[in-house]
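**Q** Chain by chain, the residues run as shown.
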Amino acid sequence: EKFVDYSPKEDYIITADDYLKTTDDYQKMVIGCYSPLQWLWAVPVIGDVASDNSVAGGENATDQIPLQQIDDYQVVANNGNLAEIWKSCYEGINRVNYLEENKLKLDFTGKDALYGEIYFLRAYYYFELVKIFGGVPVFTDKRLSVSDSRALTRATKQQVYDQVVADLTKAIAVLPNSNIQKGRVTKFAAQALLGKAYLYQGKFTEAAAMLENVVNGPFSLVTNFRDIFLQAGENGTESVFEIQYSNLSPFFDWDNAGRGQGNLAVQLAGIRNLTGDSPYGQGWSSNLPTQNLANAYTTGDTRKAVTVLDIEAYKTANPQFNITYQVAPYKNTGLYNQKYLPRKGETSGQVELNYLTNNRTIRYADVLLMAAEANNRATAPNDTKAQTYLNRVRQRAFADQLHNISLTGTALRQAIWDERRLELAMEGDRFFDLVRTGQAAGKITGFVVGKNEVFPIPQQEVDISGLTQNPNYN
Amino acid sequence: QEIKVTGKVTDESGVTLPGVSISIKGTSLGAQTDALGAFAINVPNGADAVLKVSYIGFVSQEIMIAGKSTFNIILKEDKTSLQEVVVVGYGTQKVTQISGAISVIKGEDIEKLNPVRAEDAIQGRASGVTVISPGSPGAKPTFLIRGIPSYSGNDPIVVVDGSIQTLDDLNSINASDIESINILKDAATTAIYGIKGGNGVIVVTTKSGKTNQKPQYSFGSNYGVQQVMSTIGVLNATEYGAIINEGSVAAGGNIIFPNLSTLGVGTNWQDQIFKNAAMQSHNVNARGGSEFVNYFVSAGYLGQDGIVGGGDKSFFNRTNGTVNLDLKLSSKLKFIANTSFVNIKGSGVPENSINSVISNALNFDPTVPILNNVPNTYGKYGVSNNILSEIYNPLTQLADTYNESNTNKLYGKLEAQYNILKNLKVTARYGYTNTDVTGKGFTPLSYYGDAHINSTLDAAGNAKTGAHNNVSESKTTYYNFTFENFINYNFKVAEDHNFDVVGGYSLAKVTGNSINGSRQDVPFNSWEYADISSATGVAPTSGLNVGSFQYENRNMSYFGRVNYDYKEKYLGSFSARRDGSTTFGANNRFAFFYAGSLGWVVSQEDFFESDFFNYLKIRGSYGITGNDNAQRQIQRISTDIYSYGLGQNAGYTFGNEQTVAGATIGSFKNEDLAWEKQKQMNIGFDLVFYKNKFSLTADYFQKNVSGLLFIPTLSLYLGSAASPFANIGTTKNSGFDITLGYKEDFTKDLKFNTNITFTTSKNEVTETNGGRIDGGYYGIPSQNVTRFEKGFTPGYFYGFQAIGLFQNTAEITASPTQANAKPGDIKFADINEDGIISDLDRTKIGDPFPTFTMGYSFGLTYKSFDFNTFIYASVGNDIYRAYERNLNTTNKYRGVLARWTGEGSTNDPNNPRYTFSDGNRNTRVSSRYVEDGSFAKIKDIQFGYTLPSSVLKSKVISRLRLFAQVKNAYTFTKYSGFDPEISGGILDSGIDRGAYPQARTFSMGLDIKF
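Heads up: the sequence lines are chains A and B, in that order. Heads up, the first sequence is in our numbering, so the first residue is 1 and it goes up one at a time. Heads up, the second sequence is in our numbering, so the first residue is 10001 and it goes up one at a time.
In case anyone wonders, no lab produced these hints; they're calculated from the structure. Warning: the hint list may mix true and false statements.
DSSO-like cross-link-like pairs, simulated, lysine-lysine; straight-line CA separation at most 27 Å [said to hold, decoys possible]: (1) LYS10955(B) / LYS9(A); (2) LYS10677(B) / LYS2(A); (3) LYS10094(B) / LYS10475(B); (4) LYS344(A) / LYS10464(B); (5) LYS315(A) / LYS10464(B); (6) LYS10509(B) / LYS2(A); (7) LYS10974(B) / LYS10844(B); (8) LYS10409(B) / LYS10380(B); (9) LYS10863(B) / LYS10955(B); (10) LYS10509(B) / LYS9(A); (11) LYS10691(B) / LYS10076(B); (12) LYS10140(B) / LYS10974(B); (13) LYS10822(B) / LYS331(A); (14) LYS10106(B) / LYS10509(B).
Label-pair restraints from in silico Cβ distances [to be verified]: (15) ASP17(A) / LYS10974(B): 31 to 39 Å; (16) LEU106(A) / ASN10832(B): 50 to 58 Å; (17) ILE180(A) / ASN10832(B): 37 to 45 Å; (18) SER10533(B) / LEU106(A): 38 to 46 Å; (19) GLU10657(B) / THR153(A): 37 to 45 Å.
Using N, Cα and C, we set each Cβ at its ideal position, and we do this for glycine too.
Between the sequences and the hints, there should be enough to build the whole structure, so can you do that?
**A** This is the structure:
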């Protein structure tokens, strides 16, 4: 009867029993905790499409249906993009938890800092979840197994934030200030994220204190705004945290299109059937900036041309490129997301799936604006500091001091909020900022108060796990 | 007074028959013919005695001795099925003694059909079996024995001369080598195969020689031409231009074709891709035997070209050689060696997807000329300025399709049989299959137009930035064996109680291992140089990849069976088997299966006196079989940067460094996974009536599957690791299998036979424990069409119900809220009556499986002429029409001509307005695309002429038959696509993505026997 005994070694398969016996195993598993970050390509897209910044675009109403629903404020619970975000965040959390579960198995040099990285990552995943869905199931002690299916319930929003704060606090204590490897989590990244998490909870005093660490950190604003979004500008002096994408390991799997090393959001943003000698590649004419966004920029603001590309104007201005393209067939605005447009030579293999463009997740400018807001709204407001931080951003945008703002109080607050839009447009913050600051209903057509502050829990999760759906999504 | 009677027994062709039993009626005296067919017997009462001559497979004779002392007895072959012997698991049994459910197909029927794959001959000829044949040369059909019990594979196993193989192996058997195919359907007959038998068993017996048989040679050859049966109505260039204009204008755009009058009819791309394709087969074999050696030797060749693209791009060529030897080493020891070698060469074109050649032919721009007629531009074939993604010129695609595969396969068995006693036999059998497959594919740089996203060449014919051609090669070896040892013992108790006992054990192993590689930058962008050794790409960015896999599954079992009969009147059979499988963990590694059956031959009873009914048997069986068709339970560590198809990326890239491979848990494990179990009940009867001319066999079955193995949908918060198999769910199948036969010899010259089979099966998922499986994508936008869900047929169609068209805005306002609907758009049913049309309103919109299938065969011989025809019908199956790409500017199905053009123009929900801006999503999964796929197909028409011996006048050739044949002559159906027969996995059944249609074949051939 030994004939039917089986060992995975027969098939050269490494199992969990064989693993986490060397430092290298731990380091590899930490890398694995980073991977799901790349699968979250749709989060920034949703952050703009759901807001007044952009529309879903695409080929027609049946192209990118999940984004169309979000754009049209007809989101139903079986939205594919939302389900993928949910699943990806929880995969990241489970990967971190597996290391947590096996923390005591081996001791080695550098272990604490390594665990600091994964605590940051877990906080990041929970923060994305709470931002998008509100209260979600929270678990931290182990990787779930099959028997945990259908066993969990939703925590409150506050409990999720508490977990985010706890993880980041632990991470900050052990993380180094810098890392030779670009894109590795640093102490400043954790402080910036914690500041942001406080801001989202309305804990402005804590936010101001925490963000101050980063403001005084080793960062500086890149002189030319445009350079931030070029390949050469990745992981630059302004970068606090970037989700890394790459074209070095070409990916071909259309069944899991967003799970490779490439940034799918870039392919979405591209101009349809573009030909000619411009630096841009073709794409799916999705996530198109609105005229409303373009109009928000005042004369002299260098950020406008970097943020929105008016294709007709660009074509006329550059006859030497011999540009031809297909007008966006659906929801055309004539404008494209210039910050994340596909560029020639920046992909490989299956071209649609392998754009190397990093997601500029937390920029120093964002930290300055958050710090400005926190100082303005803290229990003991410091508007001078708030103005200073705000004006650093504006001085870069206008390349002068003439556009400095000297408002105070709520007028200053509004100015900071407006500045966030101009600075961070098409980087995925707008919708969440509008919700967080209570402006959403006033700015977004179709936004229903008491419903659209969060997106629906994936229908599959409601069906299978019996989680309570968010209000008014049935 | 006692006299000595001697004689010789031969068959009708004069071949002597050894081993014929000669007995004297009313006594226990008897004798057997020797190797030369001669016998001698002393008869006590020579004047009145009657000799009873009987031999398996021949009609028994009773001969009055009447004082004669020498007899030349000619036995007639028994063509009534009742005398036949059927191969069952680990033994044989007379048909009359079987109490389980078996369908039998004879070699001559198979041979007559000239099938490419042997199982094509089973379609419609074996009741209870549903075969859905694909059109692609050499491809495997969907094969269901008694419904769809399981989710994880429904293929029956194939047992060739006792050695266990798979359905995939059937395409390597030369149909003319087959003596018979038996299909074991119920638990009583399949339980002895245990886990392997869960989905039914196909028992193939190949030919062998007979002791002291004179050498017989036969040669068969046929040649034919295949063509497409029908094409799909798409728009011609003028109609296309008009519709595209209309769609654009309706969406607020411009006129795209300002001058329709210049367009003409344009190009119908289907006419360009479908070719007449050759098909031929040639077989030669010899059989015979001496006292010590029996042999069967054959060689065959089959060549089938594909009708899509023709023989350059699509073919299946098979060369077979078989040697079957029986060696009698002593009176007790027999050694059998069956050996077959097969070589298959094949090549194919992209099929059954939105990127297939057929899909491109249906959807590509009809205004484009076949050849590029623009002077001084690159490319042989025309390019479209309107379609710039996904769909492209199918001729360019065909020209750029390069692949080939070569399969060498050696299979057979080595078997030793030792008769310890006359009725006690020990058998050791080693069955093996070794398959080596090498494959190569080449993706050249292609040009589909300058602005086309899939072009990898620019308008000047140079490679675009970052574009490379690619060659991939693979070598795979599959090796399977079964090693079985068993004892057969038969004995009688008190004269009339007959027992036939078998017991033994079996070890089985299935292995596969493969190594594959690919490399970019083949010189000259050419197939001629396409090889990894000549390509120049360098790892990692320019693509030099290697990979490999290996697996091994093992099973072991103990089995036993007792067959019992009392005077061939009361029948019983009981079998049991204990199986072990490497698939399951220590807790559930072994499982026990059993089955029993009872039969009553009513016509053997004394009280049964009927001139009308010749034979009646009533049968019943019950038993359990199993299935271990699941992945192993391993918590695997994945160190892949990404793993294809699973989305399990575990790599990351810091800055501009190389990608770092990470690690993660790649799969869950379910320690409690256990065997899937099928309980099957069968009742039926066999009836022969009206002078043995009519036969009727009917069975009712019910199959309940519990612990259904499938991958359940787990809570999403478990993350993305591969979900494990679980024993979730149950299914229930029930149905009738009925076969009715009639044959009549009107005169010596005019003979007639006909056969009808009728098969129904009702399949229902009865429990899924909350799990549910979505399956069967249709094209783009990727939407699921099929579902596996409690309360429904497995793989039923799921979508919106289209109920009409909105005629005006008032109607839209008055109807349940349907986002973005405009007049002319489809109105969908508000199934949940919540006043809003949403995904929650999706419902059952069709069932891809037929209510019943039927086969009807008809044969007539008149003197030297014969005529045969065969019709197969499938009723009640739906088809989801999914071959339309539905891009704004792709070509359309002609139905669009009946579209809504204004209030009151039409209310047919299948024909909404046409617009580029389809806010209502008229193309969503809905009943709009569901069509009735019922059909009746004339599968075969054949005329034959056998040269009468008076004409033949040959001492060498004993028989010569010429024939002409039409396969797939005509299909009666309402379905608008190529072919309503669409094969695929359970969750893909009935989705027509532009499936490769079956070809109509005209052929001629001859059979010669020496």
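**Q** Starting from the hint list further up, note which numbers the structure goes against and sort them upward.
**A** 1, 3, 8, 14, 15 and 17
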